[in-house]
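Visitor: Residue strings, one per chain:
There are 4 protein chains.
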Amino acid sequence: MASPTNPPVTRLCTHTLTSLHYRDADLVEDLMGKRTFTEVMLMQILGRTPRPVDLRITDVVLIVLMEHGLTPSAIATRLIYMSAPENLQGAVSAGLLAVGSSFVGTMENCSRLLDRIIAAAAPDSEALAIAREHKATKSAMPGFGHHLHKPVDPRAYKLLELGRAESELAGDKIRALETLSKAVDDVAGRPITINATGAVAALLGEIGVPTNVMRGFAVISRAAGLVAHIVEEQQSPSGRFIWDTVEHAIPYVGEGGKA
Amino acid sequence: MASPTNPPVTRLCTHTLTSLHYRDADLVEDLMGKRTFTEVMLMQILGRTPRPVDLRITDVVLIVLMEHGLTPSAIATRLIYMSAPENLQGAVSAGLLAVGSSFVGTMENCSRLLDRIIAAAAPDSEALAIAREHKATKSAMPGFGHHLHKPVDPRAYKLLELGRAESELAGDKIRALETLSKAVDDVAGRPITINATGAVAALLGEIGVPTNVMRGFAVISRAAGLVAHIVEEQQSPSGRFIWDTVEHAIPYVGEGGKA
Amino acid sequence: MASPTNPPVTRLCTHTLTSLHYRDADLVEDLMGKRTFTEVMLMQILGRTPRPVDLRITDVVLIVLMEHGLTPSAIATRLIYMSAPENLQGAVSAGLLAVGSSFVGTMENCSRLLDRIIAAAAPDSEALAIAREHKATKSAMPGFGHHLHKPVDPRAYKLLELGRAESELAGDKIRALETLSKAVDDVAGRPITINATGAVAALLGEIGVPTNVMRGFAVISRAAGLVAHIVEEQQSPSGRFIWDTVEHAIPYVGEGGKA
Amino acid sequence: MASPTNPPVTRLCTHTLTSLHYRDADLVEDLMGKRTFTEVMLMQILGRTPRPVDLRITDVVLIVLMEHGLTPSAIATRLIYMSAPENLQGAVSAGLLAVGSSFVGTMENCSRLLDRIIAAAAPDSEALAIAREHKATKSAMPGFGHHLHKPVDPRAYKLLELGRAESELAGDKIRALETLSKAVDDVAGRPITINATGAVAALLGEIGVPTNVMRGFAVISRAAGLVAHIVEEQQSPSGRFIWDTVEHAIPYVGEGGKA
Chain A
0 MASPTNPPVT RLCTHTLTSL HYRDADLVED LMGKRTFTEV MLMQILGRTP RPVDLRITDV
60 VLIVLMEHGL TPSAIATRLI YMSAPENLQG AVSAGLLAVG SSFVGTMENC SRLLDRIIAA
120 AAPDSEALAI AREHKATKSA MPGFGHHLHK PVDPRAYKLL ELGRAESELA GDKIRALETL
180 SKAVDDVAGR PITINATGAV AALLGEIGVP TNVMRGFAVI SRAAGLVAHI VEEQQSPSGR
240 FIWDTVEHAI PYVGEGGKA
Chain B
0 MASPTNPPVT RLCTHTLTSL HYRDADLVED LMGKRTFTEV MLMQILGRTP RPVDLRITDV
60 VLIVLMEHGL TPSAIATRLI YMSAPENLQG AVSAGLLAVG SSFVGTMENC SRLLDRIIAA
120 AAPDSEALAI AREHKATKSA MPGFGHHLHK PVDPRAYKLL ELGRAESELA GDKIRALETL
180 SKAVDDVAGR PITINATGAV AALLGEIGVP TNVMRGFAVI SRAAGLVAHI VEEQQSPSGR
240 FIWDTVEHAI PYVGEGGKA
Chain C
0 MASPTNPPVT RLCTHTLTSL HYRDADLVED LMGKRTFTEV MLMQILGRTP RPVDLRITDV
60 VLIVLMEHGL TPSAIATRLI YMSAPENLQG AVSAGLLAVG SSFVGTMENC SRLLDRIIAA
120 AAPDSEALAI AREHKATKSA MPGFGHHLHK PVDPRAYKLL ELGRAESELA GDKIRALETL
180 SKAVDDVAGR PITINATGAV AALLGEIGVP TNVMRGFAVI SRAAGLVAHI VEEQQSPSGR
240 FIWDTVEHAI PYVGEGGKA
Chain D
0 MASPTNPPVT RLCTHTLTSL HYRDADLVED LMGKRTFTEV MLMQILGRTP RPVDLRITDV
60 VLIVLMEHGL TPSAIATRLI YMSAPENLQG AVSAGLLAVG SSFVGTMENC SRLLDRIIAA
120 AAPDSEALAI AREHKATKSA MPGFGHHLHK PVDPRAYKLL ELGRAESELA GDKIRALETL
180 SKAVDDVAGR PITINATGAV AALLGEIGVP TNVMRGFAVI SRAAGLVAHI VEEQQSPSGR
240 FIWDTVEHAI PYVGEGGKA
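Protein chains in written order, with numbering that gives the first Met the number 0: chain A, 0 to 258; chain B, 0 to 258; chain C, 0 to 258; chain D, 0 to 258.
Extracted from the complex, chain A is given alone in its bound form (with noise of 0.2 Å):
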């Protein structure tokens, strides 16, 4: 355990008086002008230099969790920003603070569950005990289902399939989430949807992310996205037509204010 004369240690970054370091490169020679953000980051995350499939699979996971729409997300983001447009970084946190568990939770949650079917001796048999385990008690199967997007999410057709086309991937993430799409549509007698959530959970799999660190391609995308939201309310602002719309909508009910 960590003491004075046991101390944690960092990998990520050191600098002298003239050079400044992430990981074991020079950023200044080997980074700048010669690796691309995504590429960096992934360094910094994984701690080891990215293969380019792996830089493809980042950035298209990156890309399709970045936006979607006026979501609480993003409504947050605007009204924080409203009331504080000094602090531009204030309203982007308070809407990465809605990734959370009813959003990227389902994406850990699938994660683990496509662990366990490859952990399996069965994959076919413990596919199908998962999905009739959330069956019968009536829980969301994470990766599963749109309000939406139905019968397919669009954008998880199509990670799927660029994930697939990757030869240099397992595959073994992609084929578990696939066994437990069957055993979700056999269990409900009818196809259900895999949403973007549950592809993203396989893909960044397939490339080594670990369970836990998911969340966080989450949060990086949506801080770009909720950037661009700040951005067109200094164009076009919407908080105070928010604010007054809410209010306008939820009515007040008690005796207050009554004559």
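Take the hints with a grain of salt, since some may be wrong.
Listed next, the in silico DSS-like pairs over lysine-lysine satisfying Cα-Cα at most 30 Å (straight line) [unchecked claim]:
#	chain 1	residue 1	chain 2	residue 2
1	B	149	A	33
2	C	257	B	33
3	D	157	B	257
4	B	149	B	134
5	A	33	D	257
6	D	257	B	257
7	C	257	B	257
Worth flagging that the hints you see were computed from the coordinates, not collected in a lab.
We have chain A already, so just place chains B, C and D on it with the hints.
Guide: Quick look at chains B, C and D alone, frame taken from chain A:
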């Protein structure tokens, strides 16, 4: 002004039952597997198709802003992660709240000075006036000086070198920074470091990022850096050690607990 | 300056194996069961034993700042709670980030004007100068005006009434606000509302709260208000309704999704 | 379910041109100058007029949760304040994000165990079963144990003493905690500290605070504590010292910067 009959609009995203669109592009058909994260991010933020030079500049700026070791931002993220590991997004949000006036505020303030110099009839005189104002009021010159890297901040040097090599950029922001640098040196009577913040302001300005959007690039990039800190914290926790170290280093003075 | 041999110190809290101390007080012996939350909060913030008048003023200020219905702050908290209900503190934090320049910044700016009037040799002339400056630059006068409550903000009226009734207060901040109010009315040619923010600035000033600490009282009070919004959200959820309402009210304009 | 024709409602606040109402009360007439902050907070959160005993319990709980020195929460707040002093609310928000599973999560988990014991036909057996489960899985028993205060956490002892002295409380939560404590000691074979978190869970339960609202009291109280840390930071800054201390204490290991 926005009203129920004249609502604000969004251009960022829409969706149909079978498709998702980022601005005018079809996410699945036009972007996934074809564009990088930097490309789509820039398209969403700037509202135009980025040129290759825009991507090169953005990538190098994002890389430079990602990481500087155990900064206040990274320490805050690690401590919050230790306290609420179920909530990665909260730890990143906490660290992002450090992206305030002390660091990125100087980027914006530097950018405003560059605009002032560019707009002036006599840029050299304007730069001298700016340098003298700051000396007279003993206020820090935004974009100049570094407590560690001097006389040259290697990141700033490289950023400007890369910027000057791009023939598609107008070069006026970089020249304004050079003009300001000469004035600052003259007024100080010795060479003063152009820091990374100053060089970033010039480069983002060159690709058309408005001053009040610049901070967003620091937020996006730092989000990635902070995720890497969380991954390291998962692998070799430092939070408890930081807590003990700080508690021990800062003594309580008062009457409490005395016999 | 702080250094390893001259570290900063804390006076807020210490603990031994058998006791905990807030400043010089023994938590268990001196505070628990004997002092109210307002009392201990004020002792910790101001570094002195609060007088009864301090408690009365603080209580009324905190009550006034707690709640104003479905504000941007409350809407943001509800949306984040919906997205991450496992993480109540994130929802409150998101809402607190709204406590920025648009609202409490005006409290601080008003407080600074009051100090300027008190420090002036001729307070009436100073107040007139301030009112004319703001009119000339068409900038909002901090502490004055309300989009809803006019000509009288009932909270401000009551706050000032309660403040004037306290014989232990010096009264100079309240008088400075009255002087400013008269000047604002004269320059405008009509009565302009003193708003709650202006009255709070005067009252907190009367009990010795420094200007740059005032915002903290809004943060504490709003934290309580936002917890009440979360409780209501637990009982009758509004988050999904807000999301749908806003998404529907703000149309996408662009080429995406067109045939 | 909420819809445009069946919208959610709010009972928390409404306003007219001349009045503001918190629930059914008139803010100016009924609350200002007549009620304390604790009283109004509790009225808003619980939706009922609090009894004197509710106020006494809430005050002592809030006091106990306010402060524990240079905790991760307080350190994060100080570092963020140093980075963005224009943005006090961001520094408090950052610190509040520490109010997660490691600390207040245990309060909620303890509260759930108390409910389980109360609901059981044989409370003693249920408590023993709980204690054995936790021992078998080597998981921490929520509400028990403290790394510093043992064998007795003086705050917990006092909280329970104050709670037992209140004749208006049913006492069932406190008794359930005592039952659990006896079982925990029996299973451990030695006395295990009831910590402040456990006692707070029992006391908040006694006044009718639902388990999933309890965390809110920690958030409100800690907000006040963090404001006091910011005031101390304004008076004698520690942020830079903390940064330097941590950076120095945690070495970089890697190849970067080596000759």
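Visitor: State for each hint whether it applies.
Guide: Now the hints, each set against the structure:
1. 149/B - 33/A: Holds, at roughly 24 Å.
2. 257/C - 33/B: 21 Å, holds
3. 157/D - 257/B: 21 Å, holds
4. 149/B - 134/B: 19 Å, holds
5. 33/A - 257/D: 21 Å, holds
6. 257/D - 257/B: 49 Å, violated
7. 257/C - 257/B: Status violated; Cα separation ~76 Å.
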